[in-house]
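Enquirer: Taken in sequence, the protein lines are chains W and Y. As numbered in this note's numbering, residues 1 to 274 make up the first sequence, in order. As numbered in this note's numbering, residues 275 to 636 make up the second sequence, in order.
By construction, these hints were calculated from the structure, which means they are not laboratory data. Each residue gets a CB set at the ideal place from its N, CA and C atoms; glycine is no exception. If a hint is listed, it holds; no wrong ones were tucked in.
Partner residues are not named here, just some residues of chain Y that face chain W (Cβ under 7 Å, in silico):
hint: 1; residue: P346
hint: 2; residue: K347
hint: 3; residue: N357
hint: 4; residue: H363
hint: 5; residue: A373
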Amino acid sequence: MSNRPRIILYSLVGLSVVISFFPIVWLVLTSLKNTAGIYSWPVQYWPDPLTFQNYWSIFTETPELLRYVLNSFIVGVGCTILTLSVGGLAGYALSRLRMRFAGVMMVIILSVSMFPPIALLPALFQTFLNLGLLNSFTGLILAHTGLFLPYTVWMLASYFRTLPVEIEEAARLDGMGFLRIFFSIILPLSWPGFVATGLIVFIFSWNEFPLSLVLMTQDAMRTAPVGISLYPGEFAFPWETISTATVIAIIPVLVITAIFQKQILGGLTAGSGK
Amino acid sequence: MANVSLQQIGKSYGGSVAVEAFNLEIRDGEFLVLLGPSGCGKSTTLRMIAGLESITTGDLLIGDTRMNNVDPKNRGVAMVFQNYALYPHKTVSENMGMALKLQKMPKADIEERIAGVADMLGLTDYLERKPGSLSGGQRQRVAIGRAIVRTPEVFLFDEPLSNLDAKLRVKMRMELQELHDRLGVTSVYVTHDQVEAMTLADRIVIMDGGVIAQVGTPREVYDKPATEFVAGFIGSPAMNFMTMQLASDGSWSSTESTLVLPELPGFDTRGADTVRVGIRPEHMTILDASAVGDDPWVLPGKVMLAELLGADALLTLSVCGEIMTARVNGVGYPEQGQQLAVRLNPEQLHAFDRESKKALQV
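Bound-form chain W, shown alone (with noise of 0.2 Å):
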């Protein structure tokens, strides 16, 4: 046979790499060009002088572009426990506790997803202004929840319909209740899946807009993504300041992606069964 399908999908899988790469690379090289060097024509590809001057200038000049990240981390994090513990528990529910009209629900529940997010923000407004949850983590923490639980409580009901439903029964005559049987037996099975949907939630999260902009109107609480579009001013468009920013918004993602991408390779449940 020859190897000519082989050249052909590598070739793809190359082309879609640089393609879905370069603005993320040329952002980097961006960041670490001065502003002579960004407006520069001929267009400068590497970095000259290569610099580190503005990673300098966003700690030292414009600190609130740092805490339009931890606000985001915060927004993210809190979002993503809240999304796990409600969505495992809720799936859990549906997909095994054999209850009525589950199917009904898990249905209701994603026709719930798919209004636009942007349908749901005056009325949200409207209830989170009476509520004081307005310039709140607490809000829009809730928010966000609200936006990913659908999409968590079915990834999180099929992982958990993968699970040998046996062992849920030996753990029921060996004299666990429900609530046990979630926390010592499919807690620690489905480990991957909470992983793999928690990763997905954190970047949902970590990179929604509409509300995050309309509920966090303090410049203080803005997210990441909202806070550095609104960076630019009126008449300049400091670019090396906004991609030395969006640079920093990306690493934090990054690198929980690197520590829990292991946990979502690993199957756990190898050796329960056959």
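Using the hints provided, position chain Y relative to the given structure of chain W.
Expert: The following block gives chain Y in isolation, referenced to the frame of chain W:
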């Protein structure tokens, strides 16, 4: 230890009935096997005893206590599952000790019990391992150990050997037998494998379509099947069946071939003129073609197919046009296409009512 009493037990899901009017007294210390094809309700019955399935109608008694609404953990039962159902993230020792730990038994006592059972099952060296690093046979032994450690009143087995390869299955089957002889705990064992049923059971319950077809010792269900279903299900290869019609001279002739039997010895046909007659492949004697003549039970036949199994061979025969299977010695059996004579041993014939499918009494 306890007896188990199932009184008019029934299970239905919505409109469909899975088990109907199941009546059975399981004696203290008995090894009872529920046998039947898939979907016959045997697993559902076992799961109702375990408490994993609710009971729609009837009463379940373990010892003298009605257990219908008792939580599984309080029924004094332990179950071994087909796919072992071990906790993969816990060690063998933790798996075995879980129930006792939840009962808040002192740690030292738990360890002592585990050590005893592990010794009995040859698991002592594996106690600190996780199930993932064990072989299939070892895992099933851990699952059995987990059941023994609890010292239950009743053991429930749900096809525990089905996931093992053929050789290991035979070995584990013998171990289960030894274990039952030693512990003497009432056991209910579900399987679709008739060899397991025949070898392990004190009594076999054969189920068909949610109802009991027959309850009896292995000997009884083989020798005196109560229905045509049991007759066809027990024994491998399956019994040969013929539809026979009474002729005016008192002989019986097949409706599908030219096969004629002189009489149906001793069967009370209750005046019916059409019955189902069965004979097992191992109850047919193969003779030389020239033997056809005086003995009306010797019929001419031809070998359609000969298959060697090893010690035995299976012959697919056309006997007067009736297709039948015979089991013969694996050495020197007739070849394909050969003409021969077959003697159907009259004392080993079975006869069944055509409508009710029940065995006709002798």
